[in-house]
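Chemist: Chain residues, written in single-letter form:
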Amino acid sequence: MEEIISLLAHFQEELQVLTNDFQKMKNTIYNIYKENEKLKEENQNLKKLLFTKEEEEEPDQEGGMGYDNLTRLYREGFHVCHLNFGEGRESDCLFCMGLLDNNLDEVEEESSDK
Amino acid sequence: MRIEISKKDFFEGIQTVNRAVSSKTTLPILSGILLKTEEDKIKLVATDLEIGIEFYVKANIIRDGAIVLPAKYFTSIVRELSDDQIILTADLSNNTAQIKCGQAQFNIHGSPSDEFPLLPKINSKTRFTMYQNILKEMINQVKFAISDDISKPFLTGGLLKFEEKNLLLVATDTYRLSYRRVSFDRKDIIGEEVIIPNKTLNEISKLLNDNEDLVEISITDNQILFKFSGVTIVSRLIDGQFPNYKQVIPKKNNTKAIINKVELLNSTKRASLLAKRDSNIIKINLQEDQLIITANVPEIGQAYERISISLTGQETEIAFNATYLMDCLKVITSEEVILELSGSLSPGVIKDSSGDEYIYIIMPVRSN
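Protein chains in written order, with full-length UniProt numbering: chain B, 1 to 114; chain D, 1 to 368.
Hints should not be assumed to be uniformly reliable.
[What the hints assert, rightly or not] Taking CB as the label site, the calculated pair distances span: (1) D:Glu193 / B:Phe85: 17 to 27 Å; (2) B:Phe85 / D:Asn94: 42 to 52 Å; (3) D:Gln287 / B:Asn102: 42 to 52 Å; (4) D:Tyr131 / B:His82: 51 to 61 Å.
[Claimed, not checked] Going by beta-carbon spacing under 10 Å, a handful of chain B positions derived as facing chain D: (5) Asn27; (6) Leu99; (7) Asp101.
Simulated from the structure, these hints should not be mistaken for laboratory data.
Here a beta-carbon is modelled for each residue, glycine too, at the ideal position from N, C-alpha and C.
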């Protein structure tokens with residue numbers, strides 16, 4: 001009988017330790033959750049801030065960037081026309097030049113409109 | 001089968017259909033020419049299944065029949081016969097033919113005519129006629145720009161397009177583009193466009209006459225038929241979408257020069273004598289009232305020539321592949337050509353003096 005009582009006492013102690021550990025974990029997770037919420041909010045605010053700044057500073061950057069990327073690809077020796085897009089080119093291509101010239105005209109027109 | 005026919009007419013017919021004889025040996029019957037009697041004529045047919053040519057020759061038909069004879073031997077035999085009447089007798093039971101002319105006599109083995117594929121019957125609403133000389137000129141002004149890159153089949157033919165009041169033929173190999181337009185008033189077929197294979201355009205241009213006889217053209221979804229001067233040509237069409245050529249035609253220019261075509265062609269030919277040893281690049285310098293053509297090949301020497309021109313806009317310099325430049329100058333019919341440029345790296349435009357009927361766009365070469 002004594003043995004059982006001793007076992008029960010031991011079991012109670014173990015349970016107490018487990019409950020304490022569980023409480024610690026609960027607190028840690030709560031803290032992480034709170035921190036995550038805070039970071040999300042902060043990220044959102046930063047994104048908003050960044051986009052407003054970009055729009056204010058360079059409103060036509062998107063069109064220009066696309067054109068620049070295509071021009072860079074073409075200069076590096078690849079076709080950018082839809083006939084051969086991405087293929088290596090041996091000499092200048094009429095359709096790539098046509099595409100780049102048209103894009104340039106559009107970008108120029110857009111910026112002159114604004 | 002037994003016929004009597006003039007050697008000259010017979011040989012002309014054989015030569016005409018011979019262009020469609022297949023060079024591949026996958027289907028042996030296609031290396032032959034079908035001969036079939038029809039009323040007072042003999043019908044000659046050859047096909048490689050891509051293009052088929054049919055030609056009728058007047059003959060004295062003694063006994064009806066049909067046989068396929070091997071084109072290679074049959075053509076050379078008839079070519080070498082004397083200019084006399086030929087008597088051709090075919091024994092259809094063992095598919096052999098006897099060709100007699102003067103004292104010469106040949107027996108050649110043929111094949112049964114029912115193994116020869118029939119040319120498709122074309123029945124289409126898209127049917128029109130035009131002058132043979134106009135079609136010939138259109139094809140000749142465009143065909144050299146057709147690409148031979150079989151990985152892009154839609155570039156290996158010429159685009160025939162019906163626009164409002166115009167009929168267009170366009171070809172490009174992405175380094176140059178050739179465009180020819182003629183007046184054409186058929187509202188019912190506006191918007192139709194097909195890609196005609198290079199071989200078909202080549203063969204037709206060789207067979208068309210330089211006169212105002214008519215050529216009848218019928219188009220279906222995948223075939224085109226040309227009928228003229230006793231010849232019938234049926235060809236398959238190329239599947240696919242021809243690229244948007246309008247995007248390539250420059251809308252503006254900074255320099256415009258009017259140049260005598262023959263002078264420019266001859267100077268280019270001369271400069272090309274040296275240049276062809278080195279990528280065939282020639283430089284063109286446009287100044288106030290003159291055009292200077294130069295070719296510089298360090299290991300051989302230099303070429304220099306001046307031509308008087310009329311220039312409007314900025315002075316400029318550009319380098320072209322001489323062959324590409326000469327290709328278009330050879331087929332322009334007007335005395336003067338218009339050269340429009342927008343800088344040394346942008347495509348050059350060459351037009352005939354009539355304006356926009358013929359447009360040739362050529363990519364410059366980057367030169368140091």
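Chemist: The structure should be examined with respect to each hint, and the outcome stated for every one.
Modeler: For each hint, the structure was consulted:
1. D:Glu193 / B:Phe85: 17 to 27 Å: holds (23 Å)
2. B:Phe85 / D:Asn94: 42 to 52 Å: Roughly 59 Å apart at Cβ, these two residues miss the hinted range, so it is violated.
3. D:Gln287 / B:Asn102: 42 to 52 Å: violated (31 Å)
4. D:Tyr131 / B:His82: 51 to 61 Å: Since tyrosine 131 (chain D) and histidine 82 (chain B) have Cβ atoms about 37 Å apart, the given range 51 to 61 Å is violated.
5. Asn27: Hint on asparagine 27 (chain B): violated, closest Cβ of chain D at ~66 Å, above 10 Å.
6. Leu99: holds (7 Å)
7. Asp101: holds (7 Å)
Violated hints, in rising order: 2, 3, 4 and 5; the structure is consistent with all others.
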